[in-house]
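4 protein chains.
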Amino acid sequence: MSEIRVTVWNEYRHEKKDEKVAQVYPRGIHGQIAAFLEAEPDITVRTATLDEPEHGLTEKVLADTDVLVWWGHMAHQEVRDEIVDRVQRRVLEGMGLIVLHSAHFSKIFRRLMGTNCSLKWREIGERERLWVVDPGHPIAEGLGEYFEIPHTEMYGEFFDIPKPDALVFISWFQGGEVFRSGCAYHRGKGKVFYFRPGHETLPIYYQKEVQRVIINAVRWAAPVAGPYTDLQNCPRVDPLEKVSIS
Amino acid sequence: MSEIRVTVWNEYRHEKKDEKVAQVYPRGIHGQIAAFLEAEPDITVRTATLDEPEHGLTEKVLADTDVLVWWGHMAHQEVRDEIVDRVQRRVLEGMGLIVLHSAHFSKIFRRLMGTNCSLKWREIGERERLWVVDPGHPIAEGLGEYFEIPHTEMYGEFFDIPKPDALVFISWFQGGEVFRSGCAYHRGKGKVFYFRPGHETLPIYYQKEVQRVIINAVRWAAPVAGPYTDLQNCPRVDPLEKVSIS
Amino acid sequence: MSEIRVTVWNEYRHEKKDEKVAQVYPRGIHGQIAAFLEAEPDITVRTATLDEPEHGLTEKVLADTDVLVWWGHMAHQEVRDEIVDRVQRRVLEGMGLIVLHSAHFSKIFRRLMGTNCSLKWREIGERERLWVVDPGHPIAEGLGEYFEIPHTEMYGEFFDIPKPDALVFISWFQGGEVFRSGCAYHRGKGKVFYFRPGHETLPIYYQKEVQRVIINAVRWAAPVAGPYTDLQNCPRVDPLEKVSIS
Amino acid sequence: MSEIRVTVWNEYRHEKKDEKVAQVYPRGIHGQIAAFLEAEPDITVRTATLDEPEHGLTEKVLADTDVLVWWGHMAHQEVRDEIVDRVQRRVLEGMGLIVLHSAHFSKIFRRLMGTNCSLKWREIGERERLWVVDPGHPIAEGLGEYFEIPHTEMYGEFFDIPKPDALVFISWFQGGEVFRSGCAYHRGKGKVFYFRPGHETLPIYYQKEVQRVIINAVRWAAPVAGPYTDLQNCPRVDPLEKVSIS
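Residue numbers (my numbering), protein chains in the order written: chain A, 63 to 308; chain B, 63 to 308; chain C, 63 to 308; chain D, 63 to 308.
Hints in this document: simulated from the structure, not taken from any laboratory.
If you're wondering where the values come from, they're calculated on a predicted model, not measured in any experiment.
Please note: incorrect hints may appear among the correct ones.
Copies of the same chain are indistinguishable here, so a pair counts whether it falls within one copy or spans any two.
[Unchecked claim] DSBU-like mimics (lysine-lysine), calculated; alpha carbons at most 30 Å apart, straight line:
1. K304 - K169
2. K270 - K78
3. K304 - K270
4. K122 - K82
5. K82 - K304
6. K122 - K169
7. K182 - K270
8. K304 - K122
9. K304 - K182
10. K270 - K122
11. K182 - K169
12. K270 - K169
13. K122 - K78
14. K79 - K304
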């Protein structure tokens, strides 16, 4: 069991501006996610936030990160493009990326997907039920056939994303919508997992099943020691076989 | 059989600078592609090139385009980002996009894929054989189990693209490489097809099988009159069912 | 617009045994499906049923069929294995197959999928809402972003099928479940589409949106004139290139 | 690192009938595969062969198997259908299955795929080069961007299989063909990996890269402790939400 080095990134604005949010997440959303991740024996965690220099995502930090967890909501536009470039490059080189909830509209997720990543939403605290539709996927480990979130923000289709390489969860909502809530992608040498649950004013990251999924996703997204460290250029190569042109 | 309005876009620089290219494609690469497309009864064609105002891709032109064919090579960086934004938006709204050969490294293809789209290459005029690996796909219509290009530039794996939604062709090269040469994607409401063959100094767009594939791809990529005309925003929606929160 | 020759196959037992079913479908379920299909200018229809010789699916009938529509429920086990073999062979050769509702548990669908094709179910006449999750797919043509079936039998996940090559619809049910309701597959040279709606005692095949989907699916599944007419054997082949073994 | 219990199944006929094969694989092909697998600290191995009672695949053996490796060639038809049923059921319940080389035409692989699994072949001892086309996939761990097999039997497209859930390798052959050589599938709760290399008279299972792939595939295919132990039936279920029918 090799160590997985996780960086949890959070915009960290709601918590500082809104007392209600601060009460739910006194350590910040990143602090809560870091807490349950670092309780795992194979995971070490650091955090980074928007208002740190380089948003806390220096070349050094990213070089030392196996899996990056990303939460953002109100300040997507403040993330600098050069940092988005840097994160994208690291993902394509092999770093895992776990994109949570409202980060569907983050620059980095939209960049990696190539689509709008738009969706429908509603906040009335309705019930959500996440159904497992790929029960052999490692991200479903330890779960039952579904789990519920008692009070949630609704996200509804059409969710403008590329077809997932694996679709792990589909959500049901009381108000009548469905949503592809757990979407796994291979991109370059890296892996990306979008997971819908989470909200700044609801204690969703304290729920055991949600934590289980994020822990599983971190393990699934950890880099593989495979080929190709530089995919940025197009090298000219010599033939591997003798070629005679007629 | 409804009419499909195609715009063939070409960088159109090689032809103007290099006499050898001009001899192979006296009408420009776009002119040759337009010629075989407009011989089809259901296709009407216009062309557009880099050096025209707005690269020939005004809002009006794109609004009147069902499928855009894209060829570029030496001047990818000169394509203005606002035009790339515009084309991306139209693809996600439903316009088809056929990306040819060296346009793997165009801004628009990299934008829509979210990856580097890098590959290996070599120019020694070796032989390529394209094998059909999805024989029921409409883009394979009218082909045999493979076809050959007698003299070609080699493109080799790893090709840094998302897993295709359908993989139609795999190429074999004399020098020892393989390549995913026909890659189909759904993105938003639109469709994208990457097709490898083509080169400025080789008469590849005069070859019947290559023309057959591009014609098939245009028909496959034509828009479907389905739902969702605006995917750019995330609307708040009312519940479709009566919800009581407990 | 070339003609598509459709055969609608129905088990045709419920209608003969149960007056309530006969009232909803006086011509049989096959008769009703045939009726709306043959109103289309490019589709010609014949029907076939379980109790005919060879279940109405002789070699001749199948050879003359471009797309086979399949409805069965109570008598899956009475379908003879040699007819299942024959239909499977024709699908792999290029014939389209549209599998409706309770035919998820038909021998032919299970054969082509390789999985159990099991699911959960309930009959209380609840509401279903089918959301389009691939709006550029030809099977979604002419639809809005969702459509409802006012009273339906529920089918719930986990639906034990291979990951669809394209997932077109996801259903929401009042009772709390979701379901992958429109699943498209390429198999051999042929295409298979599973579509959930339909029931013997509910007038679902009279609903316009349901008819629209089945018509679209027939067109999508029609054979492509591509390579490979015999896929049953593994031929030994000579090299296409000169090989020197060292 | 939890233990993975592997059963290596071999038809074991060539080795007994053909001295040349016995010289290459004196312990049988299963013996050689077992040998390199059991050198791994997390893998324990048993073997089973066609001529044992129940082909060595009793209910007990399968219940104690996490991953089954399958090699067969000349006696596919002698595998009894009830054993095929049993293996299929266990795969759908979660057991991994690694299908090697000529086992593309085994009953169990064809059953799980639902297609012919036919291909082209030739035995002249030509060179094969396997290119990694999904470098972040765990099955590619420890490999370079390609590896070669100096003398091999050729397998060529069209390979009549469903589109892989992940395509890890594409082979290049001297004689001019390509082949999808590493194909990963989720089926039910289980995982299936088809890997092309291997032959009874060539020492392919002594090659390090080939061993690396099989070891990686075993780890990837090991069961996940997720939901659903019985997928064979379609249970009627009560609603999870209060439903009022109007």
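- Query: Taking 30 Å as the upper bound on the Cα-Cα distance, should K270 and K78 be classified as within, between, both, or neither?
  - Reply: within (26 Å within a copy, 52 Å between copies)
- Task: Indicate which option fits the pair K304, K182 if close means a Cα-Cα distance not exceeding 30 Å: within, between, both or neither.
- Result: Result: close only across copies, 18 Å inter versus 57 Å intra.
- Item | Copy assignment of K82 with K304, given that the CA separation must stay at most 30 Å | Answer is between; shortest inter-copy Cα gap is 28 Å, intra-copy 70 Å.
- Task: Please work out whether the CA atoms of K304 and K270 approach to 30 Å or closer within one copy, between two copies, in both situations, or in neither?
- Result: Classified as between; 25 Å across copies, 59 Å inside a copy.
- Item | Same-copy or cross-copy closeness of K79 to K304 [CA-CA at most 30 Å] | Result: close neither inside a copy nor across copies, 67 Å intra and 33 Å inter.
- Intra- versus inter-copy proximity for K78 and K122 (alpha-carbon distance at most 30 Å): Result: close within a single copy only, 27 Å intra versus 46 Å inter.
- Within, between, both or neither, where K270 and K122 count as close if Cα-Cα is 30 Å or less: neither (32 Å within a copy, 35 Å between copies)
- Measure nothing new, just compare the shortest in-copy and cross-copy C-alpha distances for K304 and K122 to 30 Å and report within, between, both or neither. Intra 43 Å, inter 51 Å, cutoff 30 Å: neither.
- Should K182 paired with K270 be assigned to within, between, both, or neither, using CA atoms and 30 Å as the limit? both (26 Å within a copy, 26 Å between copies)
- Between K304 and K169, at a C-alpha cutoff of 30 Å, which is it: within one copy, between copies, both, or neither? Intra 46 Å, inter 35 Å, cutoff 30 Å: neither.
- Classify it for me, K122 with K82: is the Cα-Cα distance of at most 30 Å met within a copy, between copies, both or neither? Neither, since 35 Å and 48 Å both go past 30 Å.
- Alpha-carbon proximity between K122 and K169, which holds within one copy, between copies, both or neither at 30 Å: Classified as both: same-chain Cα gap 21 Å, cross-chain 28 Å, threshold 30 Å.
Hint compliance for this structure: hints 1, 4, 8, 10, 14 are broken, all remaining hints hold.
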